[in-house]
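Participant: From just these sequences and the hints, can you work out the full model?
Whatever position you read off the sequence shown (first residue = 1), add 297 for the numbering used here.
Calculated from the structure, these hints are not laboratory results.
Keep in mind it's a predicted model, so treat the numbers as computed, not measured.
Warning: the hint list may mix true and false statements.
[As the list claims (entries may be wrong)] Cβ pair distances, simulated, as ranges:
{"#": "1", "residue 1": "A441", "residue 2": "H466", "range": "31 to 41 angstroms"}
{"#": "2", "residue 1": "G551", "residue 2": "A364", "range": "32 to 42 angstroms"}
{"#": "3", "residue 1": "R339", "residue 2": "A459", "range": "41 to 51 angstroms"}
{"#": "4", "residue 1": "L457", "residue 2": "R339", "range": "30 to 40 angstroms"}
{"#": "5", "residue 1": "R461", "residue 2": "E554", "range": "18 to 28 angstroms"}
{"#": "6", "residue 1": "G432", "residue 2": "F550", "range": "16 to 26 angstroms"}
{"#": "7", "residue 1": "P475", "residue 2": "A358", "range": "22 to 32 angstroms"}
{"#": "8", "residue 1": "E418", "residue 2": "R378", "range": "28 to 38 angstroms"}
{"#": "9", "residue 1": "A459", "residue 2": "R392", "range": "20 to 30 angstroms"}
{"#": "10", "residue 1": "G385", "residue 2": "T491", "range": "37 to 47 angstroms"}
{"#": "11", "residue 1": "T375", "residue 2": "A538", "range": "40 to 50 angstroms"}
From the three backbone atoms N, C-alpha and C, an ideal C-beta is built for every residue, glycine too.
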Amino acid sequence: MSDLRGRLRRLVRRGPRDVLYAHAATNGGNHLYLWMLAHTLRRANPQTYVQVVPSQAPWVAEFPALAELCLPGRMHVTDRRIARLGAGFDSDFTRTDLTDFTRARLLSSPSFTDRLAAAREVVTPGTLTVNVRRGDYYGTVHEAEFGIRIVPYVAAALALQAARAPLGHVQVVSDDLPWCQANLAPTLDEAGVTSASFTRPGTNMFDDIAALAVSRRLVLANSTFSYWGGYLATVLGTDPADVVAPYFHQRAFGQREPWFHDPAWSYVRDVPGGWQPPAPAPEADAR
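Facilitator: Structure representation (structure tokens):
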């Protein structure tokens with residue numbers, strides 16, 4: 298029966314449009330992968346779109362050129378559906394694809410251009426920017442999957458950066474700056490950082506990613522938002538080797554390299570004690 302349904306769908310879905318599925322719970326970084334995939338697939342089919350979900354709205358407002366990639370109106374019964382994230386560096390997209398999408402759809406935004414200019418007033422060429430993801434990665438059901446030992450990771454990342462060039466000023470960019478100041482200030486001191494700022498570089502997440510984008514030296518978090526900050530920075534001229542990322546995205550990936558990562562970035566391969574505490578043992582059956 299399932300084979301019959303599949304054949305019927307293939308018979309019906311022969312219209313001119315290809316539509317990439319978008320998950321309602323997905324946020325900005327993952328949306329950008331879908332939009333980039335649609336942008337790239339349009340070389341073969343100009344009628345390629347991304348399904349619209351509410352969480353895309355602020356990104357389309359900030360980057361108006363993305364609107365053209367969003368499905369106009371409802372999905373048609375004849376639309377070909379594509380269930381694919383398109384997030385694999387060198388498997389789903391090339392460096393050329395990334396650069397083309399970034400310049401055409403993101404850096405074309407007048408609003409974001411202004412944010413980049415403002416960020417350059419805060420993030421000078423000698424600044425090392427450290428991005429820390431907290432938010433729903435911690436203190437929620439997501440912590441067991443995505444939470445990492447942040448302090449030893451940042452310490453190891455600073456050591457990699459110090460091996461490339463002396464550490465000067467550090468700008469911390471995070472959705473939880475009070476936590477960062479309380480927990481990372483001693484780590485920065487021990488690493489030989491001369492000064493540090495725990496003040497937000499703007500007022501919202503687009504100012505945050507602009508600060509990452511203009512940075513010449515970066516420490517990324519294990520989040521797609523952070524990876525896009527790294528992508529933007531390299532498109533704008535940062536040496537990829539000056540971008541340090543964790544060799545870990547989530548527990549389900551195990552020790553495999555996260556496929557989002559630019560292979561030219563530098564990596565912290567492991568931290569003392571492992572990236573995460575051991576997974577909790579399943580409760581014994583009390584019956």
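Participant: Work down the list of hints and note, for each, if the structure agrees.
Facilitator: Status of each hint after checking the structure:
1. A441 - H466: 31 to 41 angstroms: holds (35 angstroms)
2. G551 - A364: 32 to 42 angstroms: holds (38 angstroms)
3. R339 - A459: 41 to 51 angstroms: holds (43 angstroms)
4. L457 - R339: 30 to 40 angstroms: holds (38 angstroms)
5. R461 - E554: 18 to 28 angstroms: With a Cβ separation near 21 angstroms, R461 and E554 satisfy 18 to 28 angstroms, so the hint holds.
6. G432 - F550: 16 to 26 angstroms: Check passed, 20 angstroms falls within 16 to 26 angstroms.
7. P475 - A358: 22 to 32 angstroms: holds (28 angstroms)
8. E418 - R378: 28 to 38 angstroms: violated (45 angstroms)
9. A459 - R392: 20 to 30 angstroms: Since A459 and R392 have Cβ atoms about 27 angstroms apart, the given range 20 to 30 angstroms holds.
10. G385 - T491: 37 to 47 angstroms: holds (39 angstroms)
11. T375 - A538: 40 to 50 angstroms: holds (48 angstroms)
Against the hints set out earlier in the document, a violation occurs for number 8 only.
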